[in-house]
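Kindly generate the complete structure, drawing on both the sequences and the hints.
Here is what each chain is made of, one letter per residue.
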Amino acid sequence: MSEFIQIHMLASYPPSNLNRDDLGRPKTATVGGTQRIRVSSQSLKRSWRTSEAFSDALKGAIGIRTRDMGVKIKKALVEGRLLSDILEGKESGVTRERIKDEKKAHEWAVKISSHFGKIEGGKEKDSDKKSEKTDEKSNKNPLSHKQMVHYSPEEIAGIDDLLGRISGGEKVSDDDCIRLRSDHKAVDIALFGRMLADNAAYNTEAAVQVSHAITVHDTPVEDDYFTAVDDLNQLDDTAGAGHIGEAEFGAGLFYTYICINRDLLKENLQGDNELSNRAIEALIRAASMVSPSGKQNSFASRSYASYLLVEKGTEQPRSLAAAFFKPVSGKDIYGDAVKNLEGLRDRMDNAYGTSFKQSSRSMNVIDGTGSLTDIISFVLES
Amino acid sequence: MTKFCLINLYGPMAGYGGIAVGEMRSSWSRPSRSAVLGMVAAALGIRRDDEEAQNRLQAGYGFSVMVLQPGIMIQDFHTIQSVHSSSLKKMNHVMTRRDEMNLGDSETILSRREYLCDHVSVACVWIRDAESAQFSLEEIAASFRNPVFCLYLGRKSCPPALPVHARVIQADSLKSALVQHIEGFDLLNGFRVPDRVSLYFEDGIDIGFDDPVMVMKRRDNILSRSRWQFSDRNEYYARISVSEV
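So the protein lines, in turn, are chains A and B. The numbers in the numbering used here rise by one with no breaks, and the one at position 132 of the first sequence is 132. The numbers in the numbering used here rise by one with no breaks, and the one at position 108 of the second sequence is 108.
Heads up, some of the hints might be wrong.
[Claimed, not checked] List time: in silico DSBU-like cross-link candidates among lysine-lysine, alpha-carbon distance up to 30 Å:
id, chain 1, residue 1, chain 2, residue 2
1, B, K3, A, K312
2, A, K75, A, K104
3, A, K339, A, K312
4, A, K357, B, K156
5, A, K100, A, K90
6, B, K3, B, K217
7, A, K118, A, K75
8, A, K171, A, K118
9, B, K156, A, K266
10, A, K75, A, K103
11, A, K171, A, K266
12, B, K156, A, K339
13, A, K104, A, K146
14, B, K156, A, K326
15, A, K295, B, K156
16, A, K357, A, K331
17, A, K295, A, K118
18, A, K146, A, K171
[What the hints assert, rightly or not] These stretches of chain B come out as covered by chain A in the derived footprint (C-beta under 8 Å, 3 or more residues):
id, stretch
19, 6-19
20, 111-118
21, 140-147
22, 153-161
No lab work stands behind these hints, which were simulated from the structure alone. All values derive from a computational prediction rather than experimental measurement. Every residue, glycine too, gets a C-beta built ideally from N, C-alpha and C.
Pasting the structure below:
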C-alpha cells in the first residue's frame with residue numbers, strides 16, 4: 001500500500017503547436033472515436049524539469065542568479081574573505097588564510113564552479129593590472145559561466161565551507177565538490193526516474209507518472225497559409241511573396257493527469273521527508289505554470305492551468321480521462337469540462353465504493369475558488 | 001470449478017510493446033501477458049529485479065484477455081534529446097535535465113512508438129501452478145485496490161482511466177467467468193458490450209466452448225525482467241458470443 005497524490009489539470013491553449021511530429025503537425029490522438037490534439041507525456045515532463053520555476057521552487061525563493069560565481073570564488077580565496085560577504089558587497093576583513101598563489105586560486109574556482117554549470121574556460125588574462133576592471137565584469141572572463149546559474153543559500157554556504165577548508169590547507173576531494181549539489185541531483189532523478197542501458201545499478205524507477213495531455217473536445221488541426229514579403233521587392237516584374245509556406249496548429253482545452261507515488265518518492269530520496277515535500281511542491285508549481293516551449297515565438301501560447309483537482313489517498317489511482325471519452329461540445333467548454341470531470345469523479349466513487357472526493361482539493365481560476373497555496377498545503381499536511 | 005481474477009483495462013492510450021529493435025516501437029493490438037503480470041507485480045509491490053518473485057509470478061498464473069473494443073492504433077514520433085555521452089563523462093556538473101540541456105551540444109535519438117487508443121479489454125488470470133503461485137487470487141484482487149506502485153497500460157505515460165475493479169469469480173469455465181464478469185458492465189459513459197468479442201487465451205484451462213479458431217506465437221512470456229528478456233508462447237484465439245451463457 002502506498003500513498004498516491006493524483007493531480008487532474010485543465011489548461012487552455014490558444015492557437016499553438018506545442019508538440020509536433022516529424023511533419024511539423026501538432027500531435028494527435030483518437031479518443032472516443034474523435035480526433036484530439038495531444039501533448040506527449042515526455043514533452044510535458046521535459047518542459048517542467050528544465051524550467052526555472054521547477055529549480056527555483058526546489059531551491060527556495062532566495063538565492064543568487066549569476067554567471068560570475070567562479071570569479072567571486074577566486075576573489076574570496078585570494079583575499080581570504082568570506083564568499084557570502086563578497087556576494088553581498090560587504091566591506092569585511094580577512095578571516096582566513098589567503099591563497100597567495102593566484103593560479104592555485106584560479107584552479108579551485110574552476111573546479112568548484114564547473115560543478116554548477118559550464119564555464120567559459122580558456123586562458124586567464126595574464127596582466128591583472130590591465131584587466132582589473134574587466135576581471136569581474138567581462139563576459140569573456142574564463143571563470144564566468146556560459147549561462148546564468150542559480151545558486152541556493154545552502155549551496156553558497158556549502159561553497160564557503162569548502163573554501164574555508166581549502167585555505168586551512170585541508171585536503172578537498174572531487175567528491176566534496178560533487179556533494180555540493182547532490183540534493184538537487186536526487187530530486188530530479190527521484191521524480192522522473194532514470195534508465196541507463198549500460199549500467200542498471202544507476203536505474204531509478206520514476207515516482208511520478210504523467211499522462212499525455214489531450215483536448216477534452218473534438219479538435220481539428222488547422223492550416224495557416226502564410227507569405228513572407230520581401231521588403232525590397234518593388235512590385236516590378238518579380239511581384240509576389242518572397243516565401244510561402246504552411247504551418248499547422250490547433251487550440252483547445254487540455255486534460256492532463258499526474259500521479260505521484262509518495263512512498264516511492266521518499267524511498268528514492270533516501271527517506272528525506274522534507275526534500276520529498278519540496279519536490280512535490282516544485283512539481284505542482286511547475287506543472288500548473290510551465291507550458292512546453294514549442295513554437296512560442298510564433299504563437300506566444302504560454303498558459304497557466306485554469307483548473308486543478310488534487311486527490312490524496314491509498315486507493316488505486318485512476319485518471320479521469322473517461323470524462324472526455326464523449327467530446328465536450330457546446331458553448332461553455334470549460335464549464336462543461338469541469339462539470340464532467342467532477343461528475344465522473346462522484347459517479348466513480350459511488351460505483352466503485354471509493355472515497356476520492358473526501359480527500360481532495362480543487363482550484364478553479366475561472367470561478368475564482370481555491371488557490372495553489374491551499375492545494376500545496378493540503379498535499380503536504382500529513 | 002476454477003477461480004478467476006478479472007480486471008478491466010481502459011485508458012485513452014495504451015502501449016503493449018512487442019519485439020522492439022531500433023527505432024520502431026510497435027504495440028500489440030491487445031494487452032500482453034507480460035503487461036498484465038507486470039500490473040499484478042506493481043500492485044503487489046514486486047520489483048523488476050526481484051527475479052525469484054517474478055519467476056514465480058510467471059510460472060504460477062495463467063492469462064487470458066477479452067477485447068471488448070479494439071480501438072485504433074496511432075503512431076507517435078518521439079524524440080529523445082540527450083547530451084552526447086562523451087561530454088557527459090567530462091562534465092561533473094551534469095546532474096539534472098536542466099544542466100544537460102544547458103550544455104548545448106545535445107544529440108537527438110528518434111523513435112516511432114505505436115499507441116493503442118480507445119481500447120477496452122478485460123484481462124483474466126488464474127492459478128495454473130499452485131506451487132509457484134505465491135499469492136492467492138483474493139490477495140491479488142485486494143492489492144489492486146491499494147496498490148504499491150502506479151499501474152499503467154504497458155507504458156508509464158498510459159494510466160488506467162477506470163479503476164481496474166479486480167474481482168474474483170468462481171466458474172466452471174473461462175467463458176462463464178467472463179460472461180459473469182461483464183454482466184452489467186458499466187464504463188460510466190454508456191459503453192455497450194458487443195455481442196461477440198475476441199478472446200485470447202492459453203493452454204491448460206477449461207474454456208467452455210468448442211475449439212479455438214487459430215493459434216499464434218507471441219513473445220510475451222517473461223524470461224527475465226531485469227535483463228528484459230521474453231520468450232515465445234502459444235496464444236489461442238476465438239470469437240465468442242457473450243450475450244448468452
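Comparing the hints with the structure gives:
A hinted pair counts as satisfied when its Cα atoms are at most 30 Å apart, and K3 of chain B with K312 of chain A does not qualify at roughly 33 Å. The hinted pair formed by K75 of chain A and K104 of chain A meets the criterion: a straight-line CA distance of about 12 Å does not exceed 30 Å. Only pairs whose Cα atoms come within 30 Å are accepted, and K339 of chain A paired with K312 of chain A is accepted, the gap being roughly 20 Å. Between K357 of chain A and K156 of chain B the CA atoms are separated by roughly 25 Å; this keeps the pair inside 30 Å, and the hint holds.
Proposed proximity of K100 of chain A and K90 of chain A is supported: the alpha carbons are some 22 Å apart, at most 30 Å. Between K3 of chain B and K217 of chain B, the direct Cα distance comes to roughly 26 Å. Compliance with the 30 Å bound is thereby established for this hinted pair. Annotation: proposed proximity of K118 of chain A to K75 of chain A holds, straight-line Cα distance about 19 Å (limit 30 Å). Distance hint between K171 of chain A and K118 of chain A is fulfilled; the C-alpha atoms sit about 24 Å from each other, no more than 30 Å.
Note on K156 of chain B and K266 of chain A: the hinted pairing holds, with a Cα-Cα distance of about 19 Å set against a maximum of 30 Å. Among the hinted pairs, K75 of chain A with K103 of chain A is consistent with the structure: their alpha-carbon atoms are about 12 Å apart, no more than 30 Å. Restraint check for K171 of chain A and K266 of chain A: not satisfied, since their Cα atoms lie roughly 33 Å apart, outside the 30 Å limit. About 28 Å separates the Cα atoms of K156 of chain B and K339 of chain A, which keeps this hinted pair within 30 Å; it holds.
Straight-line distance between C-alpha atoms of K104 of chain A and K146 of chain A comes to about 22 Å, which keeps the hinted pair within the 30 Å bound. With a C-alpha separation of about 24 Å, the suggested pairing of K156 of chain B with K326 of chain A holds against the 30 Å cut-off. Between the alpha carbons of K295 of chain A and K156 of chain B the distance comes to roughly 27 Å, so the proposed pair stays at or under 30 Å and holds. Only pairs whose Cα atoms come within 30 Å are accepted, and K357 of chain A paired with K331 of chain A is accepted, the gap being roughly 28 Å.
Of the pairs offered as hints, the one joining K295 of chain A and K118 of chain A holds, with about 27 Å between alpha carbons and a cut-off of 30 Å not exceeded. With a C-alpha separation of about 29 Å, the suggested pair K146 of chain A and K171 of chain A falls inside the 30 Å cut-off, and the hint holds. Figure legend: the stretch 6-19 of chain B, annotated as covered by chain A; annotation consistent (4 residues with Cβ-Cβ distances under 8 Å, at least 3 required). Using a Cβ-Cβ cut-off of 8 Å, 3 residues of the stretch 111-118 of chain B lie near chain A, which meets the minimum of three, so the contact claim holds.
Chain A is given as covering the stretch 140-147 of chain B, and this holds because 4 residues of the stretch bring a CB closer than 8 Å to a CB of that chain, at least three being needed. A stretch counts as covered by a chain when three or more of its residues have a beta carbon under 8 Å from one of that chain; for the stretch 153-161 of chain B and chain A the count is 6, and the coverage holds.
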